[in-house]
Every structure is written in C-alpha cells, then in structure tokens.
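**Q** Here is what each chain is made of, one letter per residue.
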Amino acid sequence: MTDRFTGSNGLAGTTLRINLTTGEIKRYPTDEKLMREWFGGRGVVAKILYDEVPRDADPLGPENLFIISAGVMSGCFIPAGAKIGFGSVSPLTNGHGDSNMGGHLGPTLKFAGYDLVIMSGISPKPVYLFIDDDKVELRDASQYWGMGSLECEPAMKKDLGEDFEIATIGPAGENGIRFSCITHDYGRQAGRTGQGAVMGSKKLKAIAVRGTGGINVHDLNKLTEQVTAIIKRTQTHPNMAPWQKYGTAFFIEWSNDNAVIPTRNFQTTYFEDIKGISGDALVEKCLITHKACFGCWMNCGKYTKAVLPGKETVYLEGPEYETGALCGSNLGMTDINQVAYLNWLMDNVGMDTMSGGGVVAFAMECFQRGLITTDHLEGHTLNWGSVEDAEHFIDMVVHRRGIGEYFSGGTKRAAEKIGRGSEKFAMQVKGQEMSGYDGRYAPGMLLSYMTCDIGAHHNRSWTITVDMAEGRDKVEGRAKVVVYLQHIRPLFDCWCICRLFWGELDIEPEEIVESLNHITGWNIDAAEAFKTSEKIWNLVRCHYLERNKANGRTFDYPPARSWEDKIPTGPSAGKGLTKEQIETMLDEYYACRGWDNDGNPSREVLHDLKLDFAADNIEKIGLLGKPLANGIPAVRGERYKPKAF
Amino acid sequence: MQICAIGHYQETNPKKAALKIEAHFPQPGVYKPKVCTQCGKCMEICPEGAIYRRDDGAYIVLIEKCTNCGECIPVCKPGVVFQHRDLQHVIICDNCFKCTELCNTGAITVHTRLVKESK
Chain V
0 MTDRFTGSNG LAGTTLRINL TTGEIKRYPT DEKLMREWFG GRGVVAKILY DEVPRDADPL
60 GPENLFIISA GVMSGCFIPA GAKIGFGSVS PLTNGHGDSN MGGHLGPTLK FAGYDLVIMS
120 GISPKPVYLF IDDDKVELRD ASQYWGMGSL ECEPAMKKDL GEDFEIATIG PAGENGIRFS
180 CITHDYGRQA GRTGQGAVMG SKKLKAIAVR GTGGINVHDL NKLTEQVTAI IKRTQTHPNM
240 APWQKYGTAF FIEWSNDNAV IPTRNFQTTY FEDIKGISGD ALVEKCLITH KACFGCWMNC
300 GKYTKAVLPG KETVYLEGPE YETGALCGSN LGMTDINQVA YLNWLMDNVG MDTMSGGGVV
360 AFAMECFQRG LITTDHLEGH TLNWGSVEDA EHFIDMVVHR RGIGEYFSGG TKRAAEKIGR
420 GSEKFAMQVK GQEMSGYDGR YAPGMLLSYM TCDIGAHHNR SWTITVDMAE GRDKVEGRAK
480 VVVYLQHIRP LFDCWCICRL FWGELDIEPE EIVESLNHIT GWNIDAAEAF KTSEKIWNLV
540 RCHYLERNKA NGRTFDYPPA RSWEDKIPTG PSAGKGLTKE QIETMLDEYY ACRGWDNDGN
600 PSREVLHDLK LDFAADNIEK IGLLGKPLAN GIPAVRGERY KPKAF
Chain X
0 MQICAIGHYQ ETNPKKAALK IEAHFPQPGV YKPKVCTQCG KCMEICPEGA IYRRDDGAYI
60 VLIEKCTNCG ECIPVCKPGV VFQHRDLQHV IICDNCFKCT ELCNTGAITV HTRLVKESK
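The listed protein sequences derive, respectively, from chains V and X.
Just so you know, numbering that gives the first Met the number 0 puts 364 at position 365 of the first sequence, and the rest follows in order with no gaps.
Just so you know, numbering that gives the first Met the number 0 puts 111 at position 112 of the second sequence, and the rest follows in order with no gaps.
With the rest of the complex left out, here is chain X:
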C-alpha cells in the first residue's frame, strides 16, 4: 500500500493506495486484500468517459476528465475504486505492479491468465 502511494503520489500515505487490505478481526481472523479484477464496470458507468481500457487490461483514469462524481465506486464489486480528500479524481489500479514486486510473502502476484485474456 505504501509503495503504491509513493509510486503514484510521491507520498507515504496508504489511504492513497489503489490496494486495500481488509482485516476481519476479532472473528474470523482473516485478511482480505482487495485488488482490481479488471471487470470494466467502472468504465461502463463513467458518465464523463474518463476511464478507458489500456492494451494491457488496466483501466486508466483520465485525471483531466474525471469530475470525482463517484458513480464508479458503488458498481465496483471488489471495492477498489477510491476517493481521497486531497484529490479531485478517483483512484484505480493501473497495473504498475509495484506491489507485486515488493511483496515478500507471495500474497499479491500477477495473474497472467487474466492479463492475457484482457489483451
């Protein structure tokens, strides 16, 4: 989460990360990382046409077009489209893979099948 925000905003601020880890405690006691599944619902709903699909499958937010209306947030099933009070646009994972490069436990990996299918 930290490397995500550093990579995109040059800031140590996990609230600006396009990756979230939900902690479910005290019961059942599990962590659930939330990552973009590249379903494309955000692009479909966007009234401004501010989200497009890049060749590698990533959904990219056009910052200059995004009005931060938030329509894309409730349709995102995994819940990985975010807003932050400092920003005038939503945050969506752009496949930079900095998190997978850094993750030492193998909990976050690139799912090659999805990437290939999306091409």
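Next comes chain V alone, as it looks inside the complex:
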C-alpha cells in the first residue's frame, strides 16, 4: 500500500485534493484538528468553502470547489451511518450549498481510505473520478457523457465491477441546470442546492469507488455494546413499522389530513385525490422490494416500478414523501404511477425532484394564468395532472430549449424573467424551491423555510409536528424551537448519519453524542455539539451575506402568496398568516440567534462562537449586526422534544 495515511478515531486518514484543470491529484493526511473543530461533513465543507472560494467566484466556474465529505461516523458500525455530503457554492442560491445522500458511497469512500475529496478547476474533457483503494485516477468519461443517471450507473458497474459504488449526474447536470442532483444506488440523491450542476460545470460525470480497508474507532467494545442495545431497543418502537412499510410516503395522507400538502403549486393545502398517490397506493401498485442504505434496517427506501399506458415500464427508488407531494399533489397527479414515472424521469435526467417538482408546478400555474401559452411550449399544453405535458416541459428545461432556458435556473430566476406578478407564486426562498409542506397554516415550518441557511428546505428544521402540537394560529415562541432544530438536525449532516433513524426513534442527543465519543474519542457533550452546529450555522450566514451583500432580512422573506392568499379549500380553508405575523417571527428569530433586527449576526454572538474572523469580514462590507440592546441570549434556541405524530 502506498501513501495511505492511517486514520484513527473514526477517520479514514486521507484527504485528496484534485485540480481538474491540470489533472493533478495530491494526498494529505486528514486534518484531525479541522475535523474536530468543524465536525466533518457539512461543517468542514462550510469552513473550506468559506476559506477558499473567492466571494465573486461564479458557482459554475473554475474557482468554485466541489467537496465530498464522508463524515466521522459513517461506516463505523453505527445505525444508518451511510451518508455522504457534497458541498460547493450553490448555483441555485449563490450561497454556501451542501446536500447529502445515503446508499453505500460514503462508507465505501472511507473504506477506500478517504475522508475528504476537494476538487477545483474545470476538466478540459468529461472525466470520472476512479478510486480503487490506493489507486486514484481521473478517467475519460466520454462514453458516459450524455447518459441518464439511472442508465449510467449500471453501465459503469458493468465496465468496472459490481462492487464499485457509483454516483453520477445526468444531462441536467451536464447542461448546467441549477437544480441538478447527484444520483447513487439507483435512487439515492443529493438533490438540493444544485450540486449536480457544479459537477457538470467541472465536466465531472461520475465518481466510482471501491474500498476494502477498515476504519479504526476509539473504543470498539463500548461502541458495539451501545449500538447493539440501540438496535434491540428501537426494533419495537412504534415509528419503526410505518417507516419500514411505507418509508416517508407514510406522510402523504397525514399531510393531507392536516391540510399542509402543497397542491397545484401551493394554491391550496388539501388534495381531493390523495388516495391515488398515498403510501398505500405506492405499496399496493408499485412496490418491488424494500431497500436500505448501508448499516440500516429501517429500509425506508421503496424500490418500485411505474407502469403507465403507452410508456415503457421504468424502475426507480421512490417516490418518497417530498417527491410524492411536489411531483404528486403539487402537479395535480392523481395516480401513484404518474408520480413514480415523473420521479424516474427527473432522477434519470438528473434534476432534484423537489426543486424540479416546484419548477414544473410554477410553470403549470403560469400556464393556468395565461402567463405562458402553447406558443411558448412548442405547441404543447401544460395542464395539471398531465404526465405528457410535464415530460415535454422537463425536456425543454433540461435542454434549455425556448422558454425552458428561463426555468433552468429555478423558479426565482424564471419569475424574474416572466414577471407580471408571477414572483408572488414562485414558491422559493433564496432561490431554492420549498419542500413539500405549505407553511401558510404551519408558521414554524414557514419560518424554517425562510431562515434555512441553504434556501427553503425542510430538513434543517422539520417543524411541522411542532406546529400541530403547539397550535397553528400562534406564531409567538416558534422561533426558539426552529433555532434549536436548526442546531440539532444539521449535526446529522456533519457526522453523516441518517436523521430519519436517529431523529425519529426517541434517541436522545446525549446518546448520539455518546456514540460519537466512542467512535472519535473527542469526549464532548451535547451542549458542545449544539454550539459547534451553531458556529457552522453562523459561518454559513456570514458567507451568504458576504456573497450577496445586503442585509440578511431582505433574503429571508417567502413569496407574497404566503401572506396575501388565504388557503381557499379543505380543512384549513380561510386560514393563513398576515405579513405582521411573518415579521414577528423574524424579529423573534433574530433576537433568539443574537442577530440584529436586519438579520445580521452581531459581533458578540460571533465572538462567542469563535468566529471573530467572520465578524471582521462582514464588518468590512457594512453588514455586521448592531449590538443587541439586552445582549445576546446565553443559550440560543430552546430544547424541544417532538411529540409523536
């Protein structure tokens, strides 16, 4: 073996730096201090992007980095320790971007010996990154360029061997569609923030990894003992059975019953044909087998087929909840096979089904309102519930034909081009499309979208059950819970473990940190974990301010539909938020974070988080928050134990 640095304490040991322009590949021992201070995964990605990408760098240009981070806990006999993180400055939001996915790639990268892969430049020709333990090469990918993601993976496995783990982009990523995703294991996606577009801009078609080494952990006996106990205990948890049977599609009917499911581009929150796209419909009509990521028996993945008249039967993983909502009710699709087909289509072309669903829905509403017509659509219509219309429109977007070019940058950019009031129903924040919950009668969820550090996204603080439990008419007090969730949930993305397993089975944060300590030997407590997560959150905020150069508050508003339109139908008919309530939530949120009322972090809070360098940087551009009259809260966020759904 050559140049393999022996890792310890959960780390594989080696960091790769690859210049795609020159083809140079360099190996370094993984910086343990950096991993300790920034927790690996999303945290270390945030720090490297902040330090190394010039503030005026084009996200799709050579100066942007594309970083792969496998995290400190993945692959270490930890339940659902299967995640891998990707990061770059987002072409969708123009801020820090990160996204992660499950499957087998993350652990395998560590088994091959690598914690981090940092790529810069642009390759002169299409390449893929080939890693076979010590052998690391950039290989010609011309034979794969142009292939759909779901076609490319088996083609590469046929060429390289079944035991390679493959992640690819599709034509959307190759063509710079700003909400492109990365696909792995026939249906696991890093979908958000356009990481696939960054790969495409760098002419990096795929990553192929085989790893046969092991990972050293700090105390294997204690870890094994603790994990075995968790496995046995969680087996009978009441949440386990629905996750195993339906995956997240379980929530489709739940969301409809609670009137939060986005319907026809968030026009209403109740879908009359929900039975046709429900978890039961998925299991009864489409399911082939349950599918799991590395080290997880929750098997939330549903491997399925979509059968539609006149179309070839297609195989896919999903639809899970977000796709079911955003490509289902949000497009007016009434049959689970329609949703599954669109899921497959977007997976294969390589676009995020969440942003993709949001973009198609926005275009459909534009068509409904006459803002775009058949003249713009090559003679086609774009009607709710039509797979054919959606498929044709997606093809226009992926290949940037005609008006498809407008939508290639997401709903925000499309609305800026289309104008005529369409900004009001471009359902995004900071350029990223909303997830599958309508926040008009779920104020915490709306605040989560508004303040999410990567643009609208549910995963950072899934507040929907808090809204149900604490009252949906009340906005006061919701901010402190959102802040708490924004600290705990991104920790999973740092450590590269799945929050579904660790977050939904009543496993306390202290127990997770105990596992972390058994793996790393860091000997930290939950309070330190939360504070590090807060540090990452604030650094990402500063990065966003430095790139976009305006008060943070100006970026934190949802589209005007969120307060101008009351919900028209269903159990929540007549409900909605006022602009004043939205302002109140923002005021409370900023105060809770120790930011000023313009949404800019104060020096006091940044100093407390050891981010003085970031305070200096935002001060230089006039965006350092004013000192808070009563000082910053000693602890930001209030611990909240979610109630059963």
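Just so you know, these hints were derived from the structure itself, not from any lab.
One or more hints might be untrue.
Stated by the list, open to error - Capping the alpha-carbon separation at 20 Å, the derived lysine to any residue pairs in SDA-like fashion look like this: (1) X:97 - V:470; (2) V:134 - X:85; (3) X:19 - X:103; (4) V:304 - X:25; (5) V:157 - X:31; (6) X:33 - V:160; (7) V:156 - X:25; (8) V:156 - X:21.
Dock chain X against the given chain V, drawing on the hints supplied.
**A** Then chain X, alone, in the frame of chain V:
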C-alpha cells in the same frame, strides 16, 4: 456484515465479513444474502488440510495451515469463501451467529435442521 468483521477482526470492515449480500439492481430489484450452507466442498478440496469440520457443523479454517491458495473459492457453490488483501488466509463462516443475533428483520436466522443434521 459489520458485526461479523468486528467479531472476528475487531474492525469495521464489511469486506472481511463471511457474509455477503448481493444486490441485483436495477432489475429485477432483489437482495440475495449469501451464507455458508455447510456443504463441505471447501474441506474436500483443501490441499493443505487447513479446513476441518467442527462438531456443530461449521467448517473452520486453521489459520496457521492455510496458504491462501484459493482452491476452495471456486468450488464454493454459494460463493461465501473469501480472501482479503490484509489476510493470509481465507474467510469462512464459523457459526458464531453474531449476524443472526443482530438482524432485526429476521432475514438471517439459524436453520436448526441443518445444524442438527450436521452433528
């Protein structure tokens, strides 16, 4: 797979596990766990006499005798005799049953009839 490697090599490394799960995707979309059926072909072919049958039916590799020649690999019908680059001997399931103890879905269980017959 992980508990197998931890139990035998104190390492989180599924490539050292005596259990493999084949994933057949994109079609037909099935998983096939590969486990030792205790047919004994590996012992029969071993030129070094490095594999013996224990009372409980398990075929045990004598590490000090095994030369890692690999003769036992192609004769193994279920394909569960492995080599690993770090090891100088083959890996065969030794009936430790750590996998069955841990498996939460009931996909891997001890087949008592086989164990009894082999005694």
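**Q** Now tell me, hint by hint, if it's right for this structure.
**A** Status of each hint after checking the structure:
1. Restraint check: the Cα-Cα separation between residue 97 of chain X and residue 470 of chain V comes to about 47 Å, which exceeds 20 Å; the hinted pair is violated.
2. For the proposed pair residue 134 of chain V and residue 85 of chain X, the alpha carbon gap of about 16 Å is at most 20 Å, so the pair holds.
3. Taken as a hint, the residue 19 of chain X and residue 103 of chain X pair is honoured in the structure, with Cα atoms around 17 Å apart against an allowance of 20 Å.
4. Distance restraint check for residue 304 of chain V and residue 25 of chain X: the Cα-Cα separation of roughly 10 Å lies within the 20 Å cut-off, and the hinted pair is therefore satisfied.
5. Distance restraint check for residue 157 of chain V and residue 31 of chain X: the Cα-Cα separation of roughly 19 Å lies within the 20 Å cut-off, and the hinted pair is therefore satisfied.
6. About 18 Å separates the Cα atoms of residue 33 of chain X and residue 160 of chain V, which keeps this hinted pair within 20 Å; it holds.
7. This hinted pair checks out: residue 156 of chain V and residue 25 of chain X have alpha carbons roughly 11 Å apart, not beyond 20 Å.
8. Taking the CA atoms of residue 156 of chain V and residue 21 of chain X, the gap is near 14 Å; set against the 20 Å cutoff, the hint holds.
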